[in-house]
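*Asks:* Protein chains in written order, with the working numbering: chain G, 262 to 716; chain U, 262 to 716.
Treat the hints with caution; some may be incorrect.
Copies of one chain are not kept apart here, so a pair can be met inside one copy or by any two copies together.
To be verified - Below, a list of computed lysine to aspartate or glutamate pairs in the EDC-like style, where the Cα atoms sit at most 16 Å apart: (1) K441 to E612; (2) K621 to E385; (3) K522 to E292; (4) K522 to E609; (5) K690 to E614; (6) K430 to E506; (7) K428 to E612; (8) K428 to D392; (9) K441 to E614; (10) K690 to D703; (11) K441 to D556.
Source of the hints: derived by calculation from the structure; they are not laboratory data.
Number of protein chains: 2
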Amino acid sequence: MLNFQNITSERLGSHALDLEGALSDHAARLEQAQGALLDRFRAGGDPYLGWMDLPRGEVLGDVLALRDRLAGHYDDLIVLGIGGSSLGGLTLTTALQHPFHNSLASRPGMRVHFIDNVDGDVIEGLLEVLDARRTLVNVISKSGTTTETMAAYLSCKAWLQAQVGEKYKAQIIATTDPQKGILRPLAEREGYATLPVPPTVGGRFSVLSAVGLLPAALGGIDVEALLRGARRAMEHFERSAAHNEILQSALVQHLYGEQGKNITVFMPYSTRLRFLSDWYAQLWAESLGKNRQRDGGSARVGTTPVKAVGTTDQHSQVQLYREGPQDKLVVFVKVEQADRGALIPNAEPDENEMNYLGNKPYQTLMNAELHATAYALLDAGQPNYTISLPRIDAEHLGELLQFLMLQTAVAGELLNINAFDQPGVELGKVLTYALMGRPGFDEQRAQLEAEGITL
Amino acid sequence: MLNFQNITSERLGSHALDLEGALSDHAARLEQAQGALLDRFRAGGDPYLGWMDLPRGEVLGDVLALRDRLAGHYDDLIVLGIGGSSLGGLTLTTALQHPFHNSLASRPGMRVHFIDNVDGDVIEGLLEVLDARRTLVNVISKSGTTTETMAAYLSCKAWLQAQVGEKYKAQIIATTDPQKGILRPLAEREGYATLPVPPTVGGRFSVLSAVGLLPAALGGIDVEALLRGARRAMEHFERSAAHNEILQSALVQHLYGEQGKNITVFMPYSTRLRFLSDWYAQLWAESLGKNRQRDGGSARVGTTPVKAVGTTDQHSQVQLYREGPQDKLVVFVKVEQADRGALIPNAEPDENEMNYLGNKPYQTLMNAELHATAYALLDAGQPNYTISLPRIDAEHLGELLQFLMLQTAVAGELLNINAFDQPGVELGKVLTYALMGRPGFDEQRAQLEAEGITL
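Generate the whole structure from the sequences, applying the supplied hints.
*Replies:* Rendered as structure tokens:
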């Protein structure tokens with residue numbers, strides 16, 4: 262199991278949360294949140310909790326069948342998706358493929374490219390370097406109305422059509438709602454292979470659905486191990502608060518938020534986990550950044566996630582974290598063991614200032630820096646905790662992802678909000694439609710023009 | 262010139278700063294800050310302001326000579342550096358090279374790889390895919406004592422030695438202090454080519470020194486244009502406050518900081534500018550995150566930068582920015598014109614929900630989303646401003662980088678702090694030495710052991 266180390270409470274009492282005391286004060290509330298989530302999930306039919314069922318792997322057979330049919334016939338996969346439709350796959354491939362997978366002469370899986378923006382220079386640039394005959398496109402949108410994704414889809418489809426003719430239909434896979442939306446009928450009309458996004462799974466909770474599993478599987482990743490790890494997190498989540506690191510870490514987050522710390526830094530010490538920070542930032546921000554309407558009043562809640570990577574950002578952010586305002590909780594992710602066990606070479610004898618590094622594992626230096634930074638931040642009154650994983654493999658990463666989703670869901674319960682919707686993004690969408698001249702949005706367009714906002 | 266649009270003050274008065282009023286209140290203070298910086302710079306000998314002199318391009322001849330000597334003989338460049346020694350080069354190559362430069366069959370410059378961590382799996386992974394006979398290594402460290410960089414240097418040197426023998430000496434370039442530190446004598450002993458980091462230029466202000474210029478030049482970027490743009494920002498900086506967008510934007514940042522907004526989101530609408538966010542985050546955090554000791558009291562100052570990319574992070578962060586706490590100032594960067602002018606293809610007639618996109622430029626959609634998001638955030642009481650650049654080329658990027666460095670320097674003056682040092686990172690370094698068993702740090706090691714912190 263992952264090891265949640267509440268460094269904060271163990272050391273430097275003055276800045277520390279007394280976790281044992283807090284647990285005894287809040288165990289009932291934590292177990293109430295846990296019970297609420299588990300009861301709703303087990304009762305079935307909850308509109309939001311489908312992600313708790315994903316570790317069972319209902320879609321696994323379809324994903325593996327598609328992989329087995331396609332593997333060997335294609336070199337490149339373009340994933341079209343934005344937000345939750347890309348960050349999961351990006352996290353998995355960056356963490357679990359060879360760090361320079363795309364440059365390997367012989368690869369155990371496809372190269373996976375993510376188009377997650379409407380940057381025409383980047384989209385055209387990618388199509389310029391790929392061979393259309395050897396490229397698959399996976400378009401991912403639950404509704405099919407995601408503007409950014411569907412624009413890129415039109416470009417990729419036109420490119421395939423121009424290069425391979427009617428065969429393009431065999432090279433596009435649509436991952437979308439099993440019934441609703443416009444991408445499903447479009448895919449069926451065109452004859453694309455399809456995979457489902459369960460209606461009860463939101464984008465930021467979809468990494469272990471076909472959304473994340475297909476790109477991972479085509480990229481050569483052991484997706485069964487991912488799910489096995491996630492199931493372990495689900496088992497852990499059933500424990501009582503005293504033995505439940507998901508509940509405990511959610512409580513730490515919650516209490517520091519209540520103390521007014523409005524920033525949550527997420528800082529894995531691993532270059533391979535750099536996109537885990539992006540994935541977590543979406544999960545945390547979109548789930549918990551809410552205008553809570555309760556009891557006749559409203560409150561704007563949610564801490565702002567800051568993405569970081571150790572050791573790299575020690576040379577970018579730690580000056581601020583040490584000396585700047587005490588407005589942060591820092592979450593470290595530690596990797597106990599590197600895959601290769603690479604050693605730092607011995608320095609020449611006269612390079613005496615480097616001698617102390619010689620013949621020590623890189624991972625020892627990495628974790629020395631993590632411990633040193635955690636301590637230095639505590640010394641400056643900046644609390645932090647560490648989640649350790651034994652190594653970066655599919656099983657432990659699957660466990661960590663499910664751990665963090667469960668932690669976020671519990672944090673939502675503690676805040677008394679719905680952690681699974683995102684009503685705040687609607688206005689931006691509507692205004693974009695208005696500015697782009699979509700029929701039906703004349704009123705909003707007139708309003709923007711009156712404010713002097715035009716393209 | 263770049264166009265600083267204080268959207269905030271033009272629209273939606275209720276949440277807006279009255280820029281004209283604020284300017285007349287603060288013009289004297291702004292011009293005092295401007296004068297202080299310019300006077301210190303012009304007087305010469307200031308220990309921190311060497312970056313204001315970099316646009317003159319004193320090192321340009323040496324950089325171009327090195328490029329001309331090496332170009333064509335090598336395919337890959339590994340840059341070893343962390344923080345300010347990598348983020349500038351990374352920003353330049355990501356923005357200005359072809360978006361998939363490393364996959365092009367024929368390239369106008371080398372592939373540039375940045376090693377900015379002690380992740381042994383990544384370092385070994387990179388060396389596995391490169392051809393040592395065709396690879397240069399640029400080791401960048403002002404002092405030569407940057408642990409992370411020097412560890413990676415030992416690995417790269419050992420790899421080159423094993424593969425090409427004594428020729429390795431011609432394949433390593435050291436960018437370091439012209440006199441001091443341990444890398445300079447090491448490089449001279451080994452016979453490496455060297456370039457200087459002026460002693461008066463800190464890492465986060467070094468992008469237009471040899472630190473950023475050499476990787477850019479070897480990557481095929483027009484470094485003369487970069488400097489030309491930076492000189493334009495220097496000229497602009499001399500204007501009076503009423504016509505000086507650097508001073509005005511620094512004032513906006515400062516006033517919102519004073520109002521208690523402790524988060525600065527930096528959000529270019531461009532995938533190619535994604536590392537500009539990382540570069541800016543370091544510049545802002547390390548310069549302004551300070552424990553100010555003045556007049557017998559102390560104050561922890563500095564807002565926390567949050568890296569974002571539009572449109573991508575609309576699907577990750579905007580829910581929080583719209584509905585969560587009103588604790589943010591958002592800085593957008595808008596690109597007026599894309600390089601390729603790519604169009605979104607027409608949809609099939611029956612794909613009616615996508616028809617409105619057909620035949621419109623991607624960049625129109627990109628900027629519609631920026632305007633829509635800026636407006637939607639203002640509607641939610643989250644102020645923002647936009648910096649526009651006509652296009653992403655070397656000249657405008659050089660101008661933007663110098664603009665942001667000047668803005669940060671002015672913000673430091675307004676906060677009454679030294680924006681150019683980083684005393685807060687020292688403890689973490691010392692504790693790392695202690696944990697790694699470096700001689701001379703026994704006392705700290707004993708202290709850590711007493712606290713239960715060991716590896």
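*Asks:* A separate judgement is required for each hint: does it hold in the structure or not?
*Replies:* Hints versus structure:
Taking CA atoms no more than 16 Å apart as the test, K441 paired with E612 passes between copies only; the shortest distance there is 15 Å, against 66 Å inside one copy. Only between protomers do K621 and E385 lie at most 16 Å apart by alpha-carbon distance; the minimum there is 15 Å, versus 45 Å within a single protomer. Within a single copy, K522 and E292 get their C-alpha atoms no closer than 24 Å, and across copies no closer than 35 Å, so neither meets the 16 Å cut-off. When the C-alpha separation of K522 and E609 is checked against a cutoff of 16 Å, the pair qualifies neither within a copy, at 47 Å, nor between copies, at 50 Å.
For the homomeric pair K690 and E614, the shortest alpha-carbon distance between copies (14 Å) is at most 16 Å, but the shortest distance inside one copy (56 Å) is not. When the C-alpha separation of K430 and E506 is checked against a cutoff of 16 Å, the pair qualifies neither within a copy, at 47 Å, nor between copies, at 52 Å. Taking identical chains as interchangeable, the C-alpha atoms of K428 and E612 are never at most 16 Å apart, the minima being 61 Å within one chain and 20 Å between chains. In this assembly of identical chains, the alpha carbons of K428 and D392 lie at most 16 Å apart only when taken from the same copy (14 Å versus 37 Å across copies).
In this assembly of identical chains, the alpha carbons of K441 and E614 lie at most 16 Å apart only when taken from different copies (14 Å versus 64 Å within one copy). Taking identical chains as interchangeable, the C-alpha atoms of K690 and D703 lie at most 16 Å apart only when both belong to the same chain, with a minimum of 14 Å there against 59 Å between chains. For the homomeric pair K441 and D556, neither the shortest alpha-carbon distance inside one copy (35 Å) nor that between copies (65 Å) is at most 16 Å.
Checked against the numbered hints given earlier, this structure breaks hints 3, 4, 6, 7, 11; the rest are met.
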